[in-house]
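Whole structure, please, built from the sequences with the hints as guidance.
Letter 225 of the first sequence, counting from 1, is numbered 267 in our numbering, and no numbers are missing.
Honestly, I wouldn't trust all of these hints.
The calculated label-pair distances, taken between Cβ atoms and stated as ranges, are [claimed, not checked]:
# : residue 1 : residue 2 : range
1 : Ser-327   : Gly-180   : 41 to 49 Å
2 : Glu-163   : Gly-281   : 54 to 62 Å
3 : Ser-182   : Val-144   : 19 to 27 Å
4 : Gly-165   : Thr-282   : 39 to 47 Å
5 : Gly-165   : Leu-381   : 48 to 56 Å
6 : Thr-366   : Ser-327   : 18 to 26 Å
7 : Gly-79    : Phe-284   : 34 to 42 Å
With a Cα cut of at most 30 Å, we get these calculated DSSO-like pairs of lysine-lysine [stated by the list, open to error]:
#  : residue 1 : residue 2
8  : Lys-473   : Lys-298
9  : Lys-286   : Lys-298
10 : Lys-286   : Lys-473
11 : Lys-298   : Lys-153
12 : Lys-392   : Lys-425
13 : Lys-192   : Lys-206
14 : Lys-428   : Lys-286
Hints are computed from structural coordinates only; laboratory data are not their basis. Don't be surprised by glycine CBs; every beta carbon is placed ideally from N, CA and C.
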Amino acid sequence: MVLYMTSVDPQLLKELQGRGLVAQTTGGDALQEYLSGASRTLYSGFDPTADSLHIGHLVPLLALKRFQLAGHKPIALVGGATGLVGDPSFKAQERKLNTPEVVAEWTDRLKQQVSRFIDFECGSISAEVVNNLDWVGGMSVLDFLRDVGKHFSINNMINKESVKQRIDREGEGLSFTEFTYMLLQSLDFAELYQRHGCTLQIGGSDQWGNITSGIDLTRRLHGGQTFGLTMPLVTKADGTKFGKTESGTVWLDPAKTSPYAFYQFWLNTADADVYRFLRYFTFMSLAEIEQVEAEDREREGRPEAQRRLAEEMTRLVHGESGLTGAERITAALFEGDFLALDEGDLEQLKLDGLPFSLLERSALAGEPLTQLLVDAGMAAAGKQVKDALGREAVFINGSPKSAEDNMRVPECFAPEQALHGRFYICRLGKKKYHLFEVR
RNA sequence: GCAGGGGUUCCCGAGUGGCCAAAGGGAUCAGACUGUAAAUCUGACGCGCAAGCUUCGGAGGUUCGAAUCCUCCCCCCUGCACCA
Numbered sequence: 043m044v045l046y047m048t049s050v051d052p053q054l055l056k057e058l059q060g061r062g063l064v065a066q067t068t069g070g071d072a073l074q075e076y077l078s079g080a081s082r083t084l085y086s087g088f089d090p091t092a093d094s095l096h097i098g099h100l101v102p103l104l105a106l107k108r109f110q111l112a113g114h115k116p117i118a119l120v121g122g123a124t125g126l127v128g129d130p131s132f133k134a135q136e137r138k139l140n141t142p143e144v145v146a147e148w149t150d151r152l153k154q155q156v157s158r159f160i161d162f163e164c165g166s167i168s169a170e171v172v173n174n175l176d177w178v179g180g181m182s183v184l185d186f187l188r189d190v191g192k193h194f195s196i197n198n199m200i201n202k203e204s205v206k207q208r209i210d211r212e213g214e215g216l217s218f219t220e221f222t223y224m225l226l227q228s229l230d231f232a233e234l235y236q237r238h239g240c241t242l243q244i245g246g247s248d249q250w251g252n253i254t255s256g257i258d259l260t261r262r263l264h265g266g267q268t269f270g271l272t273m274p275l276v277t278k279a280d281g282t283k284f285g286k287t288e289s290g291t292v293w294l295d296p297a298k299t300s301p302y303a304f305y306q307f308w309l310n311t312a313d314a315d316v317y318r319f320l321r322y323f324t325f326m327s328l329a330e331i332e333q334v335e336a337e338d339r340e341r342e343g344r345p346e347a348q349r350r351l352a353e354e355m356t357r358l359v360h361g362e363s364g365l366t367g368a369e370r371i372t373a374a375l376f377e378g379d380f381l382a383l384d385e386g387d388l389e390q391l392k393l394d395g396l397p398f399s400l401l402e403r404s405a406l407a408g409e410p411l412t413q414l415l416v417d418a419g420m421a422a423a424g425k426q427v428k429d430a431l432g433r434e435a436v437f438i439n440g441s442p443k444s445a446e447d448n449m450r451v452p453e454c455f456a457p458e459q460a461l462h463g464r465f466y467i468c469r470l471g472k473k474k475y476h477l478f479e480v481r
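If you want it as structure tokens, here you go:
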């Protein structure tokens, strides 16, 4: 019997702290004791504010996995209800509401995404995915106001740091709708406590206020003791926002951010951030990360850490095949001579997710190169391409193009210049590549 | 509803009749230097290859000429009132 008892890793909390993943906890030492005592159930919420999660969601998502690996049962809550309302925490302004249909669709997609990261087939600690619309959707306003609202003090709520700036700030307001968000999230915790015996909520540090109020509500409604743990929001040393590139958010959905782009994102991590990110995001042991760091210090020049980070993260999110593809493209473009690639290689790069466009030769004449590259997504505006042309920063199959070539697109894509009769690799600047096929 | 304040290009924020496609900062892109870093310097940064076109909450109006003045409307903020 005892053989099948799930054993928990008593070092979990220490490990998380060592990784810098703990911002705040409730209960102090009691939490450490609680987590090492037995297998517990915990949850983290993800609101459907888009049709995919992005890398900002990885910290709590992977934390669920870390807890599961340590012997606890994770629940991923997808906010079909809370997504309809919008969390005001630390948001500078009121957000526009999405329609119920849209939110419902996004909820389904997030459910699927989230499911890839946690294990559903491991006995008593198998993960679950729940939707808070299941219990909020059918609740009447009056029940909500009497049973939930009654336990909240406005005096208390308006003093929460998370909404303070919205209340204090000139020019921005806070609607009742968003103000109510905290009650919904608190109710989630209380419900999960009752339904699943969930006693710990984790989230980003912006969720502290929502989590603690959920703990209060659970105690008031059900008399249960629960805990909260928040993780730091990922910041960058240079102060710019984490998770954005020029083309926008880095999504987990390969259809929105290709594994190659995803790989490149991590590869471009600043030195000042990279070891911290290895600890935040990967499952490499702390000892191993330290070793990488030590070796990088010894070696002159380029650190190995970024490559490791990119490798680990791409494998984690896009699997072994996604990683292989990303590495193939990277090697072809940045390390090798892509002019020497054979036809099969080029076809493979296309499949691997190298940005690609198919052009008709007959349509080339008369169109400026600027327009062509903007359409291909290589630049946001023609001006940028023009600027690059003026600096000899645009290359097609290795040959530099100048401002005079702008209106000579057919010559730029001359048949005799093509690789294997139809391929052209265009480079803009040092990092942006695009594969064109002209037929 | 009343009174007062306000809505400027991705963000912050100057600009109160021509010199404004609109200062400055941030973000972003490109170049140099590098390691597909950082820092720094340089250039770009409404759209357009260009001629040119379109902007300053919206619609009208005054004027040779408006982001700037007038009218109406919409939205936000602050206070008061309303909450029988």
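Using the C-beta atoms of Ser-327 and Gly-180, is the stated range 41 to 49 Å upheld? Hint holds: Cβ distance 46 Å, inside 41 to 49 Å.
Mind checking the alpha carbons of Lys-286 and Lys-298 for me, to see if they're no more than 30 Å apart? holds (13 Å)
Holds or violated: the 18 to 26 Å window for the beta-carbon distance between Thr-366 and Ser-327? Roughly 24 Å apart at Cβ, these two residues keep to the hinted range, so it holds.
Range hint 19 to 27 Å (beta carbons of Ser-182 and Val-144) holds or violated: Once the Cβ atoms are compared, 24 Å apart, the range 19 to 27 Å for Val-144 and Ser-182 holds.
Cβ-Cβ distance between Gly-165 and Thr-282: within 39 to 47 Å? Distance hint for Gly-165, Thr-282 holds at roughly 44 Å.
Against the 30 Å threshold, does the CA-CA distance of Lys-428 and Lys-286 hold or violate the hint? holds (24 Å)
That 54 to 62 Å hint for Glu-163 and Gly-281 (C-beta), does it hold up? violated (43 Å)
Proposed proximity, Lys-206 with Lys-192 (alpha carbon, max 30 Å): Satisfied, since the Cα-Cα distance of roughly 22 Å is no more than 30 Å.
Check whether the Cα positions of Lys-298 and Lys-153 lie no farther apart than 30 Å. Holds, at about 17 Å.
Decide if the proposed pair is consistent with the structure: Lys-286 and Lys-473, CA atoms, cutoff 30 Å inclusive. holds (16 Å)
Given the hint that Lys-473 pairs with Lys-298, does the C-alpha gap stay at or below 30 Å? holds (19 Å)
Between Gly-79 and Phe-284, is the Cβ distance one that fits in 34 to 42 Å? holds (35 Å)
The earlier numbered hint that this structure contradicts is number 2, and it is the only one.
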